[in-house]
Amino acid sequence: MGASKVIHAFYNDDEILLDAVKAVKAEHHHIEEVFCPFPVHGLDKAMGLEPTRLAIASFMFGVTGLAVAIWMTNYMMIQDWPQDIGGKPSFSWFENMPAFVPVMFELTVFFAAHLMVITFYMRSRIWPFKKAENPDPRTTDDHFLMEIPVAEGDEKKLTALLEKTGAVEINIVDKH
Amino acid sequence: MSHYEAPIREPLVLGDKTYHDITEDIAKPIEGKANKNWYIAFYISLAAMLWGFGCIFYTIGTGIGVWGLSKNIGWAWDITNFVWWVGIGHAGTLISAVLLLFRQKWRMAINRSAEAMTIFAVFQAGLFPIIHMGRPWNGYWVLPIPNTYGSLWVNFNSPLLWDVFAISTYLSVSLVFWWTGLLPDFAMIRDRAVKPFQKKIYSLISFGWSGRAKDWQRFEEVSLVLAGLATPLVLSVHTIVSFDFATSVNPGWHSTIFPPYFVAGAIFSGFAMVQTLLGIMRKVTNLEAYITRLHIEYMNIVIILTGGIVAVAYATEFFIAWYTGSPYEYYTYLSVGAATGPYWWAFYSLLLFNIAIPQLLWIKKIRRSFVWSFIISIAINIGMWFERFDIIAIVLSKGHLPSTWWRFEPTFVDVGIFIGTIGFFFVLFLLYARTFPVIAQAEVKTILKSSGEFYKIRRDEQGIPTKPEIKVKKAKGKSTKKDKE
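Respectively, the protein sequence lines represent chains Y and G. Anchor point for the first sequence: position 75 equals 75 in our numbering, and the numbering is continuous, going up by one each time. Anchor point for the second sequence: position 347 equals 1347 in our numbering, and the numbering is continuous, going up by one each time.
None of these hints come from the bench; they were simulated from the model. For every residue, glycine included, the Cβ atom is placed at its ideal position computed from N, Cα and C. Treat the hints with care, as some may be off.
[Stated by the list, open to error] Estimated spans, in silico, between C-beta atoms of each pair:
id, chain 1, residue 1, chain 2, residue 2, range
1, Y, Arg123, G, Pro1468, 26 to 36 Å
2, G, Lys1200, Y, Pro89, 52 to 62 Å
3, Y, Phe94, G, Trp1322, 32 to 42 Å
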């Protein structure tokens, strides 16, 4: 379903792009995607993107890491092979806990950081050997590209609107 | 979106750069050919590295006895070098994480190289404990894995094991932080590349980064959260390194001020190494417009601050050692005994290089001078090495029993391995400077309008807004082309 044609509108300034996104949104057009060479602040809000929940995920990964560290120190030092090291016997996890704080902290950070980044890579579909999907190489240099699906017959109106917002190049592209 | 920044702030990007100019400037060192100086530096570093590797093989093949150790001084140069390299590895993540949380825009010109330096320095640091094991093929014994001889586990009470966790977490998180930041910049190189092989490599390492609005939203969130995680991580790493000493019962080591003092010292030495590297790199890669006098000055201010903390810590250690009146404290590394004993030269080198010389940075002219900053940064690198040497060798040379007093002399193997790690470090850094975008260009583009010289002058003096006027062109012939998708 959806339009088989998309309009690729190029912009060469972040402030013009942001106004253009707002203008296109105000005309109730659906913006499929915007490709940027660098982060443009406020663009996600203007496009109506939901806030990302990666930070929440990271917090939960961190809690997992902490739990793993508690389980690991308890199992290895207290349960499985308790030893008397330097006159400090391993009878209870709680009493030996101060010595485990560094490891608990490091594992919390380790889990929170790595699993969050892996989640980010999976969600944004980026990994080694992945083919880039930006439609034009200029979008990693100094051009911004707005991709708008367009219905048959609507091209003229939309092109005029995009030109008014300052697009420097407009292409109509078949997409399937 | 407003690109306003107070006019009183100095610009961070000099000249009338456009977004495309930034792309060109950052891509140039990668796309161009290396000059003669690069090759000279590279071959010298490579020779040093190979010499160091030879010494490492000699050590492993023959045994730790080829070092200048004895039963009293069980670790000296190796642990000195370990702590020195870990300390150097502190500036990178500090710059990218702490300065990101504080919204310091000047970090953007230097964070990439500082993080590269961090990772390469931690590599060198990691070598020393592994070599010092004597049987490095058993190195995996430090990991909490079950073994075939019974359920004997690692000892989680030991600061040496904390180190294993701290250093490996720090290295891996720094690496991921660095690489994630590199993705958009690798993608920029990929999209410009004309040689097929180059295109292939940069496609591979840019992970197919496309720069969608959603990707950028996630990218910024991930950077922020990673910065939040890395900030306590940076502080924890050298804290835990200092525990190696502070949890022991040696006078001079058993000291509660070690953690904060080591962290300050690590930042001090890390920034010094960044100064050393960037002072040269901005010249050879023609990035003077991005790494400016202002960046140098800001780093020097951090050096004055952390150097001051270190100086206060030295004074405290010296005073308390003297004030206790304890004969054991008489021979610690900061004591009258150290100043007048056989290691007096190491004692005074520490004070000269780490405390006296950095005070020159109070003078604004010196603080903003590239040459002076470079010279002072070298002095600090030397001074911080002496700090660790003093802590380790001086303290161990005067044990509890005077009959065991002994003086450490390094052998050529000790020296060779140290020189080898310096060579290895520079080999990695030189290769990095030729193949990686050495400045986070995507990030610099976001501050161009607020902190670029051209835009600042236009906005503040001529009142021209940063947003250009829209020129509506006549509708031209619509081109229809097949999308590859």
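Comparing the hints with the structure gives:
| no. | hint | result |
| --- | --- | --- |
| 1 | Y:Arg123 - G:Pro1468: 26 to 36 Å | holds, 35 Å |
| 2 | G:Lys1200 - Y:Pro89: 52 to 62 Å | holds, 59 Å |
| 3 | Y:Phe94 - G:Trp1322: 32 to 42 Å | holds, 41 Å |
Violation of the numbered hints given earlier is absent; every hint is satisfied by the structure.
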